[in-house]
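Note that the protein sequences, when read in sequence, are chains A and B. For the record, in the first sequence the residue sitting at position 242 is 567 according to this note's numbering, with numbers rising by one throughout. For the record, in the second sequence the residue sitting at position 198 is 561 according to this note's numbering, with numbers rising by one throughout.
Heads up, some of the hints might be wrong.
So, partial list: chain A residues that the calculated Cβ filter (under 10 Å) puts toward chain B [claimed, not checked]:
{"hint": "1", "residue": "370"}
{"hint": "2", "residue": "398"}
{"hint": "3", "residue": "569"}
What the simulated footprint calls covered on chain A by chain B, stretch by stretch (three residues with Cβ under 8 Å from a Cβ of chain B suffice, anywhere in the stretch; the number is not a length) [what the hints assert, rightly or not]:
{"hint": "4", "segment": "336-350"}
{"hint": "5", "segment": "572-578"}
FYI, nobody ran anything at the bench for these hints, they're computed from the structure. All C-beta atoms in this analysis are idealised placements derived from N, C-alpha and C, irrespective of residue type, glycine included.
One-letter residues, chain by chain:
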Amino acid sequence: MGGRGVVVAEMTYRDAVARGIAQEMDRDPSVVFLGEDVGAAGGVFKATVGLLDRFGPERVSDTPISEQAILGAAMGAAMTGLRPIAEIMFSDFFAVCWDLVANEIAKTRYMTHGQVALPLVIRTANGGGVRFGAQHSQSVENWAMAVPGLKVVAPSTPRDVVGLLAAAVRDPDPVIFFEQKSLYPTKGDVPDGEIVDTLGTAAVRRHGKDATIVALAAMVPRALEAADVLAGDGVEVTVIDLRSLVPLDVATVAASVVETGHLVTVEENPRLCGWGAEVASIVAEERLFDLDGPIVRVTTPHVPLPAADALEDAALPSVARIVDGVRRSLL
Amino acid sequence: MTELRDRQPAGDAIGPAAPALEVRMAIYKMMVQMRDFEKRAYDLFLQGLVKGTSHLGLGQEAVAAGFAAAMLPSDYTFATYRGHNHTLARGAPMAAVMAELMGRRAGLMAGKGGSMHLTSVEHRMMGSYAIVGAHLTIANGAAWSSKLRRAGEVAVCFFGDGTTNIGAFHEALNLAAVWKLPVVFVCENNRWMEYTPISSVTAVGHPAADRARAYGLDPVLVDGNDADQTYGAARVAIERARSGGGPALIEAETYRHGGHSRADPGKYRPDEEVEAWLARDPIPRYRTRLLGVGVDEAVLVRIEEEAQTAVDAAAREAEASPPPDLSLVEADLWADGGSSWRR
Ligand SMILES: Cc1ncc(C[n+]2csc(CCOP(=O)(O)OP(=O)(O)O)c2C)c(N)n1
Ligand SMILES: [Mg+2]
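Throw the hints in and build the complete structure from the sequences for me.
This is the structure we're talking about:
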């Protein structure tokens, strides 16, 4: 139980997806949902169970394995009065429909001088940690971040799944919603009733004055574990969950860097052009004289993700690498 | 070709009857205006006033006009970079289209889209798309939305012969058929992609019609240089789609008089082929037909003169328009009107 009579239930990240979609479909009849295996099967990750029964086959549509057709349908529907949520089963599959994402959906409002609005959400299972190998594990939020015209969101908790999904659905611009697939079974408290967040607001998950860790999605709980380890050695770190890459909450990051003087970014992206590079460059450009040590990026090495558990664990940022990164930033 | 044509019941291909006279007059007027507009656009390109690129539909006017005449104002058009005619056909003002080609403030999109992206949502011209194939999937989305909203709107999507070999074409056709969407796909088979003939890279003779059966659709092949045929086929397909009968795929055989884009003279095409198709120019052909059914030549001459006057005025207006305000560079990326990616 939470305060003031708000009921709080523990819920998985997976179940929060269905809850978030249902919250928005209940509220707004123009919200429709489509994707592969999302209806009768309830999603390959079982994240959309129950939606077909509740909202019927017109609003919850199973599609052929046609990623371009899925996103084209979402785009055409968004430009003519609906608010579609489209699922791309694995974010790696963006590579087969990137034209729709990067050339059509992202550019159309701009090219048409604002004539066309595209209020749509593309949900996708992103990232590693589940031993699926290189074509079902990559973190590609940096691909989306590089395209002007897309908003990019990645929740780390069940509560944020609901709140940020609601914000994404209500947003007048296209939003790519990255669900981290290793987080699906994780649990967290979700209050009862409607939850609506604000895009572009980072959350400070832990406060400490010695260094700032900026993380996203599955790297947030890992950064919090690293913070516990560091606290055992008397190092108190702030952990910022970015929650959204576009819009980017530069203000929260900058304010923390001013306080701590040290910045470490923790991302699943392969090294080159991962989102941490952008955060680091902004801080270097705008807050250099508030820094008391080097900015450190903890990333996946510049490789595709290997399948074997031992190899994948070695590739993804670990608690030990994050702890080490913070120590290097404190030098 | 004959085989397919023979399989096609004539009544189904050209509709129940010849178009009413006022429809024919409207079609003729549209075709003449498109022709004059695009000839002027070409001149302005050669003068360096139309910048970048432009893809003319000279010779293909009977497709744009015939279909537009069969559409309701609430129906949606999706076109390619070869979309000037389709944009004009839905009623977008000539001056704004010309100004867009010229990169001027008075442009249809204030210069932000250019020739390949003409869009006028007000006229339900939902965009010209320059990545081959994508817009077939987007037209599906508009049709899906119409169906869910029970709006009775039909999406009509134009594309070239070359587009039938890209994956998006096949994804779109299948989904449209499975979902029984009110969408009409119109392949303007002008025999050439950019500089390569479609026949040299395609497994079937009729790139669209021969694929229809794969999606459970009837093949429909029409003479795309005969506006009565395009209009008739459009009427049948659009009304069927509107009444819940699902999608159609129509192949309209036509030819572009000029090159692929810019100042391309199209010299890679055999002379006899070009001459044969010039002899089937849809506009003089239609003019002769109208005279044959008793239309007074003076009426046609007036339409022709008015088109010239309109194009002159549009070109003048476009040329007089200043370049777009530079603030537009960072405008309208997002719904808030701006382009900021940070908070
Ligand atoms: C995906 C993609 N590949 C290639 C091109 C380059 N391109 C532009 S137009 C064109 C020819 C298209 O031919 P067709 O579909 O027959 O249309 P037409 O130009 O004859 O109207 C090509 C290859 C492109 N724009 N998009
Ligand atoms: Mg062609």
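Each hint tested on the structure:
1. About 23 Å separates the beta-carbon of residue 370 of chain A from the nearest beta-carbon of chain B, more than 10 Å, and the hint is not met.
2. Interface hint status for residue 398 of chain A: upheld, as the beta-carbon distance to the closest one in chain B is roughly 4 Å, under 10 Å.
3. For the restraint placing residue 569 of chain A at the interface with chain B, the shortest Cβ-Cβ distance is roughly 9 Å, inside the 10 Å limit, so the hint holds.
4. Look at the segment 336-350 of chain A against chain B: 0 of its residues bring a Cβ nearer than 8 Å to a Cβ of that chain, fewer than three, so the hint is violated.
5. Using a Cβ-Cβ cut-off of 8 Å, 5 residues of the segment 572-578 of chain A lie near chain B, which meets the minimum of three, so the contact claim holds.
Going through the hint list in order, the structure does not satisfy hints 1 and 4.
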